[in-house]
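Asks: Here is what each chain is made of, one letter per residue.
There are 2 protein chains.
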Amino acid sequence: MMKKVLKFGGTSVGTVERIQHVAKIIKKEYDLGNEIIVVVSAMAGQTNNLIKLSQSIADDFNKRELDVLLSSGEQVTCALLTGALMKINIKAQSWLNWQIPILTEGEHANSRIVNMNVTKINNYVKKGVAVVPGFQGISKDGEITTIGRGGSDASAVVFAKLLNADSCEIYTDVDGVFSTDPNKIPVAKKIDRISYEEMLELSSVGAKVMQSSAVQTAMIYDIPLQVRSTFTDRKGTKIFDQQNIDYSKSVTGVAYSKDDAKITLIGVEDKPGIAANIFEPLNKAQINVDMVIQNVSSDQKTTDISFTIKRDDLLKTKKILSDNKKIEYKNITHNDRVAKVSIVGAGMVSTPGITYKMFRALADVDINILAISTSEIKLSVIIDEEETLNAVKKLHTIFELD
Amino acid sequence: MMKKVLKFGGTSVGTVERIQHVAKIIKKEYDLGNEIIVVVSAMAGQTNNLIKLSQSIADDFNKRELDVLLSSGEQVTCALLTGALMKINIKAQSWLNWQIPILTEGEHANSRIVNMNVTKINNYVKKGVAVVPGFQGISKDGEITTIGRGGSDASAVVFAKLLNADSCEIYTDVDGVFSTDPNKIPVAKKIDRISYEEMLELSSVGAKVMQSSAVQTAMIYDIPLQVRSTFTDRKGTKIFDQQNIDYSKSVTGVAYSKDDAKITLIGVEDKPGIAANIFEPLNKAQINVDMVIQNVSSDQKTTDISFTIKRDDLLKTKKILSDNKKIEYKNITHNDRVAKVSIVGAGMVSTPGITYKMFRALADVDINILAISTSEIKLSVIIDEEETLNAVKKLHTIFELD
Chain A
1260 MMKKVLKFGG TSVGTVERIQ HVAKIIKKEY DLGNEIIVVV SAMAGQTNNL
1310 IKLSQSIADD FNKRELDVLL SSGEQVTCAL LTGALMKINI KAQSWLNWQI
1360 PILTEGEHAN SRIVNMNVTK INNYVKKGVA VVPGFQGISK DGEITTIGRG
1410 GSDASAVVFA KLLNADSCEI YTDVDGVFST DPNKIPVAKK IDRISYEEML
1460 ELSSVGAKVM QSSAVQTAMI YDIPLQVRST FTDRKGTKIF DQQNIDYSKS
1510 VTGVAYSKDD AKITLIGVED KPGIAANIFE PLNKAQINVD MVIQNVSSDQ
1560 KTTDISFTIK RDDLLKTKKI LSDNKKIEYK NITHNDRVAK VSIVGAGMVS
1610 TPGITYKMFR ALADVDINIL AISTSEIKLS VIIDEEETLN AVKKLHTIFE
1660 LD
Chain B
1260 MMKKVLKFGG TSVGTVERIQ HVAKIIKKEY DLGNEIIVVV SAMAGQTNNL
1310 IKLSQSIADD FNKRELDVLL SSGEQVTCAL LTGALMKINI KAQSWLNWQI
1360 PILTEGEHAN SRIVNMNVTK INNYVKKGVA VVPGFQGISK DGEITTIGRG
1410 GSDASAVVFA KLLNADSCEI YTDVDGVFST DPNKIPVAKK IDRISYEEML
1460 ELSSVGAKVM QSSAVQTAMI YDIPLQVRST FTDRKGTKIF DQQNIDYSKS
1510 VTGVAYSKDD AKITLIGVED KPGIAANIFE PLNKAQINVD MVIQNVSSDQ
1560 KTTDISFTIK RDDLLKTKKI LSDNKKIEYK NITHNDRVAK VSIVGAGMVS
1610 TPGITYKMFR ALADVDINIL AISTSEIKLS VIIDEEETLN AVKKLHTIFE
1660 LD
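So the sequences go chain by chain: A and B. Residue numbers for the first sequence follow this note's numbering, beginning at 1260 and rising by one. Residue numbers for the second sequence follow this note's numbering, beginning at 1260 and rising by one.
Calculated directly from the structure, the hints in this document are not laboratory data. Incorrect hints may appear among the rest.
Given that identical chains are not distinguished, each listed pair holds provided it fits within a single copy or across any two copies.
Only pairs whose alpha carbons sit at most 16 Å apart, straight line, appear in this in silico EDC-like list of lysine to aspartate or glutamate [unchecked claim]: (1) Lys1350 with Asp1319; (2) Lys1543 with Asp1572; (3) Lys1346 with Asp1318; (4) Lys1379 with Asp1400; (5) Lys1379 with Glu1402; (6) Lys1311 with Glu1276; (7) Lys1569 with Asp1518; (8) Lys1517 with Asp1440; (9) Lys1346 with Asp1319; (10) Lys1569 with Asp1643; (11) Lys1543 with Asp1582; (12) Lys1517 with Glu1645; (13) Lys1448 with Asp1434.
Keep in mind that this is a model prediction, so the values were computed, not measured.
Take these sequences, add in the hints, and give me the full structure.
Replies: Now the structure itself:
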């Protein structure tokens, strides 16, 4: 007997038929003698519909009331799924945020779950399936709060921790985490076991698989996750702490991001604090800076600093840099047609020659590397955007992922 | 300054544009310095949609979960209307059933509001508009409960009583209560002032105006009601205690019901308890018996008993009567094409000749009266169904209601 948190996303409960199918999946787990806590999202499209309604009333629709509005979506799914479970003779009960309660801290639309009354749920799961809404809770003042879009994954992970569950299974509309984007690279392979860190690094190709913040939370609390499809019987991907994974391959997957732009500041005065002076105003303007590479300068007195940002932020970033009186540089250049390609693998650090192998592979297909950045489990290069899929295919093959 | 409960039905809040229009109506009342509690229904169609979803899962969808499901509808309207009020700079806040709380007793799907914490709302309405869901509450065990279809009217009336409000205004999609059905009889006139009792008797022609049970509750607690249109500026109908109404006309309106059937038991043994023996089994079978008329029998030993029921119940009723061993009668006849036409007026009791005037009017247009029943404020006749509109028109004219 295990205690399991099963989470079903919006597409998994998008229609009555799918809700009935989900009830059957739960029945299978329940009939094995497991204690089951089910976490549900709103039916697919419902949250967007409610947001549209609110926006047609006011662009800056009050956040407290938006939380009241949106939280109704998961309430609907909870009731329908519970009814569907009872229809197939599974004892079940819906539990709303205030009935448990699920306690949150932080602002409306961006709170986080900090606690829940586990006694009621722990008692109930001895008798039946507890169906709980994701994405929401109540503040200590008794206000409805939500934890941001896609937050039902995070809800499931935190519930698994607070309830001391043996596992947390995220049912979604894909088969699991893939070695690269299966829609673009047909030879992409489903990964059976992966570490939290690798999963996070692969998020650019698997962003739709699971919310990054939920993976981070699972990593912090060491909650084993399993991502699997609601619609197939396939095994899915297990996500563990790195130590629990046996690495037969040094590289687990190939990630990429498009719509990037690279900016280079040439001849920046090389003195302490200069990087802070450059990036602080960008941070304030909520511009997300990804890779930063500082090259040694030829004259030893100045340096060249390159970094990548989302292409949409390019104009804004250039304006902030030119308005910035705290930094001096000779010239500023940009390239708005770049992509980042990364190989990811927790086994990389113990495998010599990975770096060389990657550069050689790209050179073999005549791809020019514009910048390089490395971490313990990831090696990223910036290349011409047009070469993205070529590079991904080549690396996927070279590192035996096909 | 007055304390007002304003209730808006499903069609009044059926779209974002209508919700914004409702916000303007509330603003007008609020700007006059009134303390405002707003009670809302679910957006038109939403409750039916949710019921359909539940029924496609199970015909006997669990009632506890159905209440969880349906109560989401008013939650959505509360949030949207509150956002719309804030958008036009009215301080406002939504209050959910458990946040107040609104306490109910009774079964799921059929509970009644017995209390609410008035302190929070009374404090809040000094600062802003409180927006509260109709149709729902929570039980003493903290379960969500609903009070039956159309229950938002009843919610508004009970809130008005518990909060000691000065008035309760029901905003709907008609201009008020009419002297007869304005869709069928174009000369029907809006009634400016009417008593609770008359309103109840006229419910057959104004059923869509307001829920009968809500009128009864208002009558019991003597809460003055006002029914008016969300979509026009017209004055609506005020509903009071009978004593507060000055009657210039003896007859206030003409009501009718179709789809009736009349059953006559001929030659029933005339002894004490016979009526109870006839109607007890019908009551048990939830057959609603409307008019009952007992004629004196010619032989002084037996009697003829006629009564009307809904046409749909005819076969069931005849079967129950023939299976009933406790009653003896010579023959049973029925007429399944009858209608009931009634004149209603609190001034009737003090006006002589009303009865004669009604019979004469019907005779003038060759309408045969099949049965008669009288009460203090109502005089009903059963006639051939085909003559219904003729009879209503004639009576409407004769009693100067055109």
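Asks: All the hints need checking, so say for each whether the structure fits it.
Replies: Hint check results:
Only between protomers do Lys1350 and Asp1319 lie at most 16 Å apart by alpha-carbon distance; the minimum there is 15 Å, versus 42 Å within a single protomer. In the homo-oligomer, the alpha carbons of Lys1543 and Asp1572 lie at most 16 Å apart inside one protomer (13 Å), although the nearest pairing across protomers, at 73 Å, exceeds that limit. Within a single copy, Lys1346 and Asp1318 get their C-alpha atoms only as close as 42 Å, which misses the 16 Å cut-off; across copies the closest is 9 Å, which meets it. Taking the shortest Cα distances, Lys1379 and Asp1400 sit within 16 Å of each other only across copies (13 Å), while inside one copy they are farther apart (21 Å).
Taking CA atoms no more than 16 Å apart as the test, Lys1379 paired with Glu1402 passes between copies only; the shortest distance there is 14 Å, against 21 Å inside one copy. Taking identical chains as interchangeable, the C-alpha atoms of Lys1311 and Glu1276 lie at most 16 Å apart only when they sit on different chains, with a minimum of 13 Å there against 26 Å within one chain. For the homomeric pair Lys1569 and Asp1518, the shortest alpha-carbon distance inside one copy (6 Å) is at most 16 Å, but the shortest distance between copies (69 Å) is not. Within a single copy, Lys1517 and Asp1440 get their C-alpha atoms as close as 13 Å, which meets the 16 Å cut-off; across copies the closest is 66 Å, which misses it.
When the C-alpha separation of Lys1346 and Asp1319 is checked against a cutoff of 16 Å, the pair qualifies only between copies, where the shortest distance is 9 Å, while the shortest distance within a copy is 42 Å. When the C-alpha separation of Lys1569 and Asp1643 is checked against a cutoff of 16 Å, the pair qualifies only within one copy, where the shortest distance is 15 Å, while the shortest distance between copies is 79 Å. In this assembly of identical chains, the alpha carbons of Lys1543 and Asp1582 lie at most 16 Å apart only when taken from the same copy (14 Å versus 85 Å across copies). In this assembly of identical chains, the alpha carbons of Lys1517 and Glu1645 lie at most 16 Å apart only when taken from the same copy (10 Å versus 75 Å across copies).
Taking the shortest alpha-carbon separations for Lys1448 and Asp1434, only the intra-copy value of 10 Å comes in at or below 16 Å, while the best inter-copy value is 66 Å.
Of the numbered hints listed earlier, not one is contradicted by the structure.
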